[in-house]
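Undergrad: Just need the whole structure built from these sequences, with the hints factored in.
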Amino acid sequence: MEITPQHWAIIINPKSGKKKFRQQRKYLFLTLKHAGIQFDYRITRFAGHAIKIARLFAEKKFQNFMVVGGDGTMSEVINGIFSANIEFTHSLKIALIPRGTGNDWGRFWGLSRDYNHSIEVFLHGKTQSIDIGKVNYEVEGEKQTHFFINSVGLGLDATVVNITHQLKRFVGSHSFLYTVALLCAVFTYRAHKVLIRSQANNFNEKMFTMSVANGCYSGGGMKQTPKALPYDGLLDVMMAKKPTFFDIIGGLLRLFNGKLLEHPVIVSFQAQSLLIDCHKNALMEADGILVNGASPYSISIIPGAIQMIVP
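Take 1 as the starting number for the sequence shown in our numbering and just add one per residue.
Because the hints were derived from the structure by calculation, they are not lab data. Watch out, some of these pointers could steer you wrong.
Below, in silico cross-link-like pairs of lysine-lysine (BS3-like), each with a Cα-Cα straight-line distance of 30 Å or less [claimed, not checked]:
{"no.": "1", "residue 1": "K143", "residue 2": "K93"}
{"no.": "2", "residue 1": "K126", "residue 2": "K20"}
{"no.": "3", "residue 1": "K259", "residue 2": "K134"}
{"no.": "4", "residue 1": "K33", "residue 2": "K60"}
{"no.": "5", "residue 1": "K26", "residue 2": "K61"}
{"no.": "6", "residue 1": "K134", "residue 2": "K33"}
{"no.": "7", "residue 1": "K126", "residue 2": "K227"}
{"no.": "8", "residue 1": "K20", "residue 2": "K134"}
{"no.": "9", "residue 1": "K259", "residue 2": "K242"}
{"no.": "10", "residue 1": "K259", "residue 2": "K227"}
{"no.": "11", "residue 1": "K61", "residue 2": "K134"}
{"no.": "12", "residue 1": "K206", "residue 2": "K143"}
{"no.": "13", "residue 1": "K52", "residue 2": "K126"}
{"no.": "14", "residue 1": "K134", "residue 2": "K60"}
{"no.": "15", "residue 1": "K52", "residue 2": "K93"}
{"no.": "16", "residue 1": "K206", "residue 2": "K227"}
TA: Here is the structure:
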């Protein structure tokens, strides 16, 4: 099959929002065919499968990628594309049909799980150049790279993601799981020492939670980095120092109204890159996926890395 610049590669996660999956997939394919859009598709079968699928599509010279899934699937596809060693990714396009638990990346762009609306955006939307984040670290002396589209988190943030994944095994994917996991962890997690270095800021103190973000939403609608824009060439960093019980209560109330950065235990700044050195056993998550790595982490932004179809 000859791949043209108009050809679309579609990666579908059937586990993201399972309800009505077959009917929605059939409707999507019929709509694309009616619009004269050529496409090839693959369905993910296991965690990490979207990385392999997207990499193969990229190596076959596909220039357009559609993700039908949640934040995790979107992140895996980004990792697949950017691990394919494509020389010029900024001309590639990516589109999202949200079907996941948190939908934090789609929420920023006004893409809800309204299937018809998302398809209309795909057909009639515009392209926006967006940034992509990159994390470098080592495992047993071997250099590793992980890409992210929305955010990475450490401390309480990563612990909440870990609890959420465990809860999913018993109750499935639901948007309220992040809130439940947050309440389970927030009063038991303890702050740990962390060293943070950037061009303009250095910190060496105990850290309760931390988010390094390209987008403003995380955890199913929480605003840890309310000023983050995924097209300004900068990472927005939010760090909460060791809080008291009443600090935690105040922070929870501000998480959803965009005023978290006004809290007295919060430190925030912007950077193009930073180095984070923390406890060796500290968890790290990227776009809601636990990263199998170890400190120190070197985090940077790739400005204008890829094009996205948005409303």
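Undergrad: Does each hint hold? Answer for all of them.
TA: Comparing the hints with the structure gives:
no.	hint	result
1	K143 with K93	28 Å, holds
2	K126 with K20	28 Å, holds
3	K259 with K134	27 Å, holds
4	K33 with K60	22 Å, holds
5	K26 with K61	26 Å, holds
6	K134 with K33	36 Å, violated
7	K126 with K227	23 Å, holds
8	K20 with K134	35 Å, violated
9	K259 with K242	19 Å, holds
10	K259 with K227	10 Å, holds
11	K61 with K134	23 Å, holds
12	K206 with K143	27 Å, holds
13	K52 with K126	28 Å, holds
14	K134 with K60	23 Å, holds
15	K52 with K93	18 Å, holds
16	K206 with K227	24 Å, holds
In this structure, the hints that do not hold are numbers 6, 8, in rising order.
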